[in-house]
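In order, the protein sequence lines correspond to chains A and B.
According to this note's numbering, the residues represented by the first sequence are 33 to 145, in order.
According to this note's numbering, the residues represented by the second sequence are 2 to 112, in order.
In case anyone wonders, no lab produced these hints; they're calculated from the structure.
Warning: the hint list may mix true and false statements.
When the alpha-carbon atoms are kept at most 27 Å apart in a straight line, the in silico BS3-like pairs for lysine-lysine are as follows [to be verified]:
1. B/K99 - B/K68
2. B/K99 - A/K89
3. A/K89 - A/K102
4. B/K43 - B/K57
5. A/K102 - A/K85
6. B/K99 - B/K57
7. A/K102 - B/K43
8. B/K99 - B/K3
9. B/K3 - A/K43
10. A/K89 - A/K43
11. B/K99 - B/K43
12. A/K102 - A/K43
13. B/K57 - A/K102
14. B/K99 - A/K85
15. B/K3 - A/K89
16. B/K68 - B/K3
17. B/K43 - B/K68
18. A/K89 - B/K43
19. B/K71 - B/K3
20. B/K68 - B/K57
21. B/K3 - B/K43
Spelled out from the first residue to the last, the chains are:
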Amino acid sequence: DAGITQSPRHKVTETGTPVTLRCHQTENHRYMYWYRQDPGHGLRLIHYSYGVKDTDKGEVSDGYSVSRSKTEDFLLTLESATSSQTSVYFCASQREGPLWEQYFGPGTRLTVT
Amino acid sequence: QKEVEQDPGPLSVPEGAIVSLNCTYSNSAFQYFMWYRQYSRKGPELLMYTYSSGNKEDGRFTAQVDKSSKYISLFIRDSQPSDSATYLCAIYGTSYGKLTFGQGTILTVHP
């Protein structure tokens with residue numbers, strides 16, 4: 033199994049505060065992803081990275097930014113948290129071709145009050 | 002229209018039942034078809050994959066793809082309480098590296 037961890041695992045924060053979630057992988061995978069999971073919506077892609085300093089937006093990127101300064105770390109920042117960003121956030125790293133299997137972290141449960 | 006649509010469920014079945022989970026997709030360029038299983042409060046894990054039309058078996062699980070109908074299915078035979086989880090279909094093929102996920106189906110198998 034790919035070694036992928038997320039921190040923190042749980043967080044409660046107030047509306048308007050900045051929040052940073054961290055993802056760390058030990059497999060030297062080039063591709064990494066941030067998703068949010070909400071009831072009825074499945075996994076929705078927020079941002080992804082295809083290398084150090086190379087990132088791009090997913091389908092629900094508004095209000096989120098990411099950074100990748102090292103292969104093993106991918107950070108997700110909520111610049112000013114809103115209640116609509118209460119969700120479970122999953123990070124994934126991806127083995128390259130032919131299957132492109134993604135390996136997921138354990139998730140971060142974020143509550144914005 | 003979403004690229005991948007999954008029957009949302011939830012499904013509740015007795016132990017030993019045959020379970021059918023289904024997804025449809027819209028883009029014929031999709032190449033690989035996967036099923037992820039997600040236990041409560043865990044991250045998804047790859048369960049099965051296939052890249053061609055037809056069936057692929059792995060123990061009690063069978064993944065089926067019909068490219069002509071753009072329809073994929075996962076069958077679970079002799080379902081067990083330990084199969085209780087959320088099942089997500091995932092498809093790869095239109096954007097380099099990216100997977101497109103269905104909404105997920107929550108399955109509960111009662112003893």
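Cross-check of the supplied hints:
Straight-line distance between C-alpha atoms of B/K99 and B/K68 comes to about 20 Å, which keeps the hinted pair within the 27 Å bound. Using a Cα cut-off of 27 Å, the hinted pair B/K99 and A/K89 holds, with the two alpha carbons roughly 12 Å apart. Taking the CA atoms of A/K89 and A/K102, the gap is near 19 Å; set against the 27 Å cutoff, the hint holds. For a cut-off of 27 Å, the pair hint linking B/K43 to B/K57 stands: about 26 Å separates their Cα positions.
At roughly 8 Å between alpha-carbon atoms, A/K102 and A/K85 fall within 27 Å of each other, so this suggested pair holds. Using a Cα cut-off of 27 Å, the hinted pair B/K99 and B/K57 holds, with the two alpha carbons roughly 23 Å apart. Proximity of A/K102 to B/K43 is assessed by CA-CA distance (about 25 Å); at most 27 Å being required, the pair is judged to hold. At most 27 Å may separate the alpha-carbon atoms for a hinted pair to count; B/K99 and B/K3 meet this at roughly 15 Å.
Restraint check for B/K3 and A/K43: the C-alpha separation of about 31 Å exceeds 27 Å, so the hint is violated. Between A/K89 and A/K43 the CA atoms are separated by roughly 24 Å; this keeps the pair inside 27 Å, and the hint holds. Of the supplied pair hints, the one linking B/K99 and B/K43 holds, its CA atoms being roughly 21 Å apart against a limit of 27 Å. In summary, the hint linking A/K102 to A/K43 is supported, as the alpha carbons are separated by about 24 Å, within the 27 Å threshold.
This hinted pair does not check out: B/K57 and A/K102 have alpha carbons roughly 38 Å apart, beyond 27 Å. The straight-line distance between the Cα atoms of B/K99 and A/K85 is roughly 18 Å, inside the 27 Å bound, and the hint therefore holds. At roughly 18 Å between alpha-carbon atoms, B/K3 and A/K89 fall within 27 Å of each other, so this suggested pair holds. For the hint pairing B/K68 with B/K3, the CA-to-CA distance comes to about 17 Å; that is within 27 Å, so the pair holds.
Among the hinted pairs, B/K43 with B/K68 is inconsistent with the structure: their alpha-carbon atoms are about 31 Å apart, more than 27 Å. Using a Cα cut-off of 27 Å, the hinted pair A/K89 and B/K43 holds, with the two alpha carbons roughly 25 Å apart. Between B/K71 and B/K3 the CA atoms are separated by roughly 13 Å; this keeps the pair inside 27 Å, and the hint holds. This hinted pair checks out: B/K68 and B/K57 have alpha carbons roughly 14 Å apart, not beyond 27 Å.
Distance hint between B/K3 and B/K43 is fulfilled; the C-alpha atoms sit about 25 Å from each other, no more than 27 Å.
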